[in-house]
Amino acid sequence: MPEQWTLTLRLYRQKANEAPRYDTFTLQVNPDEYVLDAVERVWAFHDRSLCFRHACHHSTCGACGMRVNGVEKLTCITPLRAVTQNGAVLTIEPLRNFPIVSDLVVDMGDLYRKMERVNARAVLPVTEAEIEHPASTWNPEDAQYLRLSDCLECGLCISACPVAATTAAYLGPAPLAAIQDQGMRRHPELLPLADSEDGVWRCHSAFECTAVCPSFVDPARRIMDLRRQVVGAKLRQVFGK
Amino acid sequence: MNNQPSSRKLLTWFNPLGRNPGAWAFILNRLTGLGLTFYLFLHLIVLGRLAQGPQAYEEFLELTKSPLVKLGELLVIGAVIYHALNGLRVVLTSFGLGIRQQTQMFYLSVLLALVGTLVFAIRMFAG
Ligand code: SF4
Ligand code: FES
Numbered sequence: 001m002p003e004q005w006t007l008t009l010r011l012y013r014q015k016a017n018e019a020p021r022y023d024t025f026t027l028q029v030n031p032d033e034y035v036l037d038a039v040e041r042v043w044a045f046h047d048r049s050l051c052f053r054h055a056c057h058h059s060t061c062g063a064c065g066m067r068v069n070g071v072e073k074l075t076c077i078t079p080l081r082a083v084t085q086n087g088a089v090l091t092i093e094p095l096r097n098f099p100i101v102s103d104l105v106v107d108m109g110d111l112y113r114k115m116e117r118v119n120a121r122a123v124l125p126v127t128e129a130e131i132e133h134p135a136s137t138w139n140p141e142d143a144q145y146l147r148l149s150d151c152l153e154c155g156l157c158i159s160a161c162p163v164a165a166t167t168a169a170y171l172g173p174a175p176l177a178a179i180q181d182q183g184m185r186r187h188p189e190l191l192p193l194a195d196s197e198d199g200v201w202r203c204h205s206a207f208e209c210t211a212v213c214p215s216f217v218d219p220a221r222r223i224m225d226l227r228r229q230v231v232g233a234k235l236r237q238v239f240g241k
Numbered sequence: 001m002n003n004q005p006s007s008r009k010l011l012t013w014f015n016p017l018g019r020n021p022g023a024w025a026f027i028l029n030r031l032t033g034l035g036l037t038f039y040l041f042l043h044l045i046v047l048g049r050l051a052q053g054p055q056a057y058e059e060f061l062e063l064t065k066s067p068l069v070k071l072g073e074l075l076v077i078g079a080v081i082y083h084a085l086n087g088l089r090v091v092l093t094s095f096g097l098g099i100r101q102q103t104q105m106f107y108l109s110v111l112l113a114l115v116g117t118l119v120f121a122i123r124m125f126a127g
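Here the protein sequences come in this chain order: A and B.
Using this note's numbering, the first residue of the first sequence is number 1, and each one after it goes up by one.
Using this note's numbering, the first residue of the second sequence is number 1, and each one after it goes up by one.
Errors might be hidden in some of the hints.
[Unchecked claim] Output of the computed footprint for chain B on chain A, the stretches with three or more beta carbons under 8 Å from beta carbons of chain B:
#	segment
1	65-72
2	119-128
3	163-174
4	201-213
I should point out that these hints are in silico values taken from the structure, not numbers from a laboratory.
Every residue, glycine too, gets a C-beta built ideally from N, C-alpha and C.
This is chain A alone, in the form it adopts within the complex (with noise of 0.2 Å):
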């Protein structure tokens, strides 16, 4: 018999020109579930006006990002033994920085857009990719092998980032990480975008974004080292080469 713990579930809800409100429900759960889990028998069992996102359960299609007790988790790899404890309330609310839609689902339009405009990529061939093993060492043929990238577009940093909160024309730090990605060597057309007052001088150091990404993206690192590169391409533009 798994254990069970008796949670109480604080849920954030506000429909179309409606003022916000919040609604309690209590509920009997296995404390290694996870936070949607949570909320989806909310929906199931006690209110389908309930609405929130959710496609792949497994940490892949960003959807299911909220705040949990005020943090930005990805819920459906959140377990609920890590947030809380048997007998407490949770308190689950909408992502921060984007425009609610209903209840916990936000649109997320404007990520995507920014997305978008820095031709962030699914998916990189290994040697053009990040990762912790001296890939530019691989023969040519391993080498042609294509990984996807580690960004899920699940908008947790933007809605961390408190530079985000008040300015809509940040690009934030996932568009920056996936400038970074791409390099201003291989892709100096994203430079002015990169070096642009919404770009990565905008980024004030809170660390945030890092904190709450789910993935290995490390956005905040990767700011920082894109304006390393920015300077880098700065000072090659001035020296003509």
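Chain A is fixed; fit chain B with the ligands onto it per the hints.
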């Protein structure tokens, strides 16, 4: 509907709830920055008063002996040390240096600011 980015959300910069050390450093940097800017104006006003002659100068000296003003001065000292050290941390990380140690660098900045303030406090109140 609501929840979009907006410059009116300025106050959310200062909310430390659910945030990580990197954001605490960011918050403290903004607070000390604002405090130091405020202090600079205060400083200029006081200097302006001093130009009004010896009597104003004497009055001002009296004022600096009050414990409240001394406490304010200590706050300024702590803010200067933290702001300067965190500035270095931001410069380093922006050059790609010590990014994985940024949390430790933040704690070190806070620690050194506290120690520095304590040293000044001892000298100020003992001397
Ligand atoms: S960088 Fe990380 S947090 Fe941001 S969208 Fe990509 S996977 Fe999500
Ligand atoms: S449901 Fe797909 S990432 Fe969580």
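Exercise for review: Could you tell me which of the numbered hints above are not met by this structure, giving the numbers in increasing order?
Suggested key: Of the numbered hints, just 2 does not hold.
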